[in-house]
Amino acid sequence: MGHSGKDRSVTKQAKVSRRTALQGLGAAGLAAAAQVAPGAVRYAQAQTSAPIKIGFQVHRTGIGAAYGRWYERTTNAAVKLINEAGGIGGRKIELIAEDDGTDPKRGAEVVEKFATQHKVDVVFGTLFSHVVIGSAPRAGELKMPYFVVSEGHHVASGKLNRYVFQPGITDVKSQVISMAPWIASNLGKKVTMIYPDFAFGHDHRNYFSEAIKKQGGEAIALIPIPPTERSFTRYFPKIPSSTEVLYHVMVGPAVLTFVKELGEHFGSKRPKIFGFIDSLEAVNLKSPGLDFLEGTYFWEGYPRYAQANQTDADKFYRSKVGVDDTGASLSDPKDIATYSHMFGCWETLYVIKQAIEASGYKSATLKDKTALIEATEAMKTFEEGKEHPQGKKIFNGKIHQSFGHQNISQVTGSKLKVVHRTSIEDGMYEAEGDYTKMSL
Amino acid sequence: MDFGPYLFLAFLEGTVTAAVLALTAVGLSLVFGVMRIVNVAHGEFFMLGAVFAWWCTSLISGYPALGFLAALIVAPLLVGAIAMVSERLILKRLNYNPEGTIVATIALLYIIQQLALIGYGPDARPVEAPITFRIVFPWFGYAGYKLVVVAAAAALLLATWFVLTRTRLGLLMRATQYDRETALAFAIPVDRVYAIVFAVGAMLAAVAAVLIVPIQQAHYLMGNDPLLLSFIVVIIGGLGSIKGTVVAAIVIGMSDGIISVFMTPTLAKIIATLLVAMVLVWRPQGLFGQTAR
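Line by line, the protein sequences give chains Y and P.
Each step along the first sequence adds one to the number in this note's numbering, with nothing skipped, and position 9 is 9.
Each step along the second sequence adds one to the number in this note's numbering, with nothing skipped, and position 254 is 254.
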């Protein structure tokens, strides 16, 4: 058996003749030439009219796919608008999307591909925190400006590098700090936390436990769940009966199962429930089995349902991205948006535009990139409007992080109604690092 | 929660896991037992079952029970057909060579998974349960449908056992498993038996997936976990032994349920894998397996 196998492989190897080898070489050469040619021609054109290339690292597949789909729609809508208005400093945006499979290893490869093959000017759009953490070091080594839309605290922690920015969305630490006082004074002080067992969930665990303690409360039980989990009932007995508030934040393809099983477990005899809308992003609130959520509360980055005091900017943004007043796609009412996160793509693209224009960036040279990084770091505020429909942001250039308003909504008649909006100051904290002191 | 109810919930969860796992693993074990093929694509047949179930129920919208019943019949048939075609096109041509078929079924795994991604998309889609009721225990509530799954899986396992031991087809399968050469000498159409066994193995996985999909949602990556657990079960139970597979599924399912509730699900997986290592060291043929003749 083993012998005959060996013999066969030997004969096969011998069959590779000089002619086939030469043919193979020739084909490879041709392919290489074909790949180089279009890029070379374009490069020869006048540099100032060449498009700004933005590499879009997107979770088209893997556990982040629902987010990825909406990140892509939002991004395409914003790019179209910017291009219609004349582009960035007179140059059109050329968006190059690459799927990273919501996988940290592939994430780093995608960043590399953007830098070496597509030769983009900036990379943008990553969401899942483990992918950001996996990709950011490579972006730093390649000296590639890397704008993430992730929420995680890793950028603001000062532990990544000078090329990584998060100007379009508030980080988890800031979100939970601004939620804790409201939870402690309106819902209760003994909190049990359920969160995904990776960087993003650990941010929730670390910073919320700390924040609720400052309010005289306590996180009495911590229940981590692997993000690829598909069944959750077995975790629920760990919720102590003395729990006053159940704090949940879940991600991945099984979020609907998670919330449904929570309802099956508790029924009407439930503690007060405060969730991050992540547990229900891309999920219809009217799905069967979710009635028990009536009266519970959710953090929302950006209210999914158009509120009574809807701004003109929100009307404009909704219509351009293709989302109706209930947060569903205009073309398919079953397709629910990831409304609390995807605005970050829109706003980040406008920040990139502003930074490139302010820095006088021309091409991907170290000098221009340095100017771009420094111009981004010098930004202070982004005013509410069509470019920043979620609301005003204060940007801290030292930690490359934006701070904005957060919302608390109550489920009322299977819709989310905002009952509290925090001030930006509610979510401020002492900077833990300073990227501007790092070398470029 | 008190210890009693806690253990009770763990027991319930373990039973559900064990029931579905037994069904899936019996399919894998059957294919190995009769054909001597390690089917690495088994988990993808499971996934396809769930995806087809979603497709059936979305075609017949408005009547979740009717759509689900249709799925229970259509999905396994479709998956069985796909399995049979791939058996004819790939495994037969490899002459059922043990090494060759492993590589081929690995390739099949990726092909099916990527086709599902292209055709069905990357999202997890829910399938409504045919009946929804909540059993209220004094300490917690439990989805009644989960107990329906256990009953249905047990019935299907009994049916499989009946086919294998009491019908002519079962006899042919067992004869082929016992000694292929002699079966051929007795004019048993071994070639056709192989095609049928491969299809039936895939159909068992598919039907398990149809049962579980109202609990878990259909997703193109959902085949990975059942594949791993099925292999663990089949190795512990003894490759090719149906009885061993069912016993091992109950042991692994229960311990998974109970350990995950009291400790963590990751620890449950670690212990299951450790058990496999132990079995391989001290009883390589598995608990109920026979040593190779």
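These aren't lab readings, by the way, just hints derived from the structure by calculation.
Backbone N, C-alpha and C fix where the C-beta goes; we use that ideal spot for every residue, glycine too.
You may find that some hints are simply not true.
To be verified - Pulled a few chain P residues facing chain Y out of the computed Cβ check, cut under 7 Å:
| # | residue |
| --- | --- |
| 1 | E13 |
| 2 | T15 |
| 3 | R134 |
| 4 | A143 |
| 5 | Q217 |
| 6 | V261 |
Results of checking the hints against the structure:
1. About 5 Å separates the beta-carbon of E13(P) from the nearest beta-carbon of chain Y, less than 7 Å, and the hint is met.
2. The interface hint given for T15(P) is violated, since its Cβ lies 12 Å from the closest Cβ of chain Y, which is over the 7 Å cut-off.
3. Of the supplied interface hints, the one on R134(P) holds, with its beta-carbon coming within about 6 Å of a beta-carbon of chain Y, less than 7 Å.
4. Using the Cβ-Cβ criterion of 7 Å, the hint placing A143(P) at the interface with chain Y is satisfied: the shortest such distance is roughly 5 Å.
5. The closest approach between the C-beta of Q217(P) and any C-beta of chain Y is roughly 6 Å, which is under the 7 Å cut-off, so the hint is satisfied.
6. Here the hint on V261(P) is kept, as its CB sits about 5 Å from the closest CB of chain Y, short of 7 Å.
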